[in-house]
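Asker: In case you want the letters, here they are:
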Amino acid sequence: MMLRVEGLRKRYSDIEVLRGVDLELREGETKVIMGPSGAGKSTLLKCINLLVRPDSGKIFIDGEEITSKNSDVYKVRQKIGFVFQEFNLFNHLTVMGNVTIGLTKVKGMSKSDALLKAKEVLRAVRIGEELWDRYPAQLSGGQKQRVAIARALAMDPILMLYDEPTSALDPQLSMEVLSVMRELSKKGMTSLVVTHELNFAIEAANSMAVMYEGRIVEEGSPEEVIKNPKTAEARAIFNGRSNYVLV
Amino acid sequence: MFWYDLASSLLIGIINTLELLLISAPLGTGLGIAVGILSSRKGFLSILARAFSSIFRGFPLLVTLFIVFFGLADFGIYLSPTASAIISFILCSSAYISEYVRGAILSIDEGQSLAAKAIGMNETQEFLHIIIPQAIRRALPSISNEIVYMVQYSSLAFAIGVQEIYSVAKSFNSLYFRPLEIFSTLAFIYLSMTALVTLLFRKLTERLRIPD
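So the protein lines, in turn, are chains Y and B. According to numbering that gives the first Met the number 0, the first sequence is numbered sequentially starting from 0. According to numbering that gives the first Met the number 0, the second sequence is numbered sequentially starting from 0.
Heads up, some of the hints might be wrong.
Said to hold, decoys possible - Derived EDC-like pairs: lysine to aspartate or glutamate, alpha-carbon spacing no greater than 20 Å straight-line: (1) Y/Lys45 to B/Glu125; (2) Y/Lys78 to B/Glu122; (3) Y/Lys45 to B/Asp73; (4) Y/Lys74 to B/Glu125; (5) Y/Lys110 to B/Glu125.
What the hints assert, rightly or not - Here are some chain Y residues the structure puts well away from chain B; computed CB gaps all over 10 Å: (6) Gln77; (7) Lys110; (8) Gln137; (9) Glu175; (10) Gly187.
Keep in mind that the hints were calculated from the coordinates and are not lab data. For each residue, glycine too, the CB sits at the ideal point set by N, CA and C.
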């Protein structure tokens, strides 16, 4: 298993956001997590790269327990790519700077090696050379998100986490980003994707989990879950929407 | 004769004022940035940094000047008027600048910090490579403003006997008693200095500007 989550719990003052989440992800698997806002999807993702500390429960990445006291948080995060809804590109750095900074400052790579690596991942997300010297403010939303994906990929992650990567984009720009994500999944990048995109789930994901009030209430293949939801919570999400899925 | 005498005495004043400013401005800015960084963090050093900035923003500069020049003498520390003025200006300007820097650091979107952590940066790397470069850019206009103030409050150094430009002009006026000409010239010199500071900071801001 590339990722195993056991009995994860997280409480923010009076609200228990995660109420015992169990989750598994095989190497090369892409799993989509859906659920209404406030279900705890984003918190779950942030716990997996330790941006949020869970109160209890265990997380294993590639067999190693990252929630144990002596695990190196910074090393763990280097192995996990994280893509944010709001892109969060470094505003003061160019496209190239955004992608190379982790390589040079965190991994200690030489400038020239970092540049080579950056070119490779930027091409993989279809960010052309003409954009490499631009700053985030000079990019479209879809370009920003693809650069953010490249920034994560440059670190050679063994797991990618996407936190609603297209929720801030219009449908046209979402397509660019989703197609890059789909390609990465097809190439075998292990991915956990929080999204509302049903088409992406059906076309790119191997499995799907539905979260509701801090728990995973249903799991299965994306088609099965979307077209024949078994629980009332999943039905409430997909009822009527499955007709719009273009497959 | 009057204008020649005025020019030659003001020139000495200008040199002394510039000496104060050219040392105080960079050191005050540097110390202000350091204190601002510390005060935006957690822990004991942050409390010290914030205490520093509260104290020297709370003391009127004139009082700080007197403490440094006359007060420290009680402890056997005798500083020249110029050294006392420089120290006081550094304390005062860095206290204000630290607040601008702290505010700028706190104003950086949390997403920048999350993204830095997500690629495996530790707190020092995150601060050094992501937060500070953006915060300094944001604080630059306020820092510029503080240096403009410094040009003007440097005139307070006359109170502890520094022969800076204001005190030179004042003495000159008591000889010739032509306040309109003397103080207008003085005002014009201050204006030129603040204009120069503003221009330099504008150039710097332009150079560091992030294209949008």
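Asker: Next, verify each hint and record whether it holds.
Answerer: Outcome of the hint check:
1. Y/Lys45 to B/Glu125: Holds, at about 18 Å.
2. Y/Lys78 to B/Glu122: holds (18 Å)
3. Y/Lys45 to B/Asp73: Judged against 20 Å, a Cα distance of about 58 Å means the pair is violated.
4. Y/Lys74 to B/Glu125: Given pair lysine 74 of chain Y, glutamate 125 of chain B holds - Cα atoms ~15 Å apart, limit 20 Å.
5. Y/Lys110 to B/Glu125: holds (19 Å)
6. Gln77: violated (3 Å)
7. Lys110: Consistent with the label, lysine 110 of chain Y stays out of reach of chain B, its closest Cβ about 14 Å off (over 10 Å).
8. Gln137: violated (6 Å)
9. Glu175: holds (20 Å)
10. Gly187: Holds: least Cβ distance 22 Å, greater than 10 Å.
Figure legend: structure checked against the earlier numbered hints; hints not met, in rising order: 3, 6, 8.
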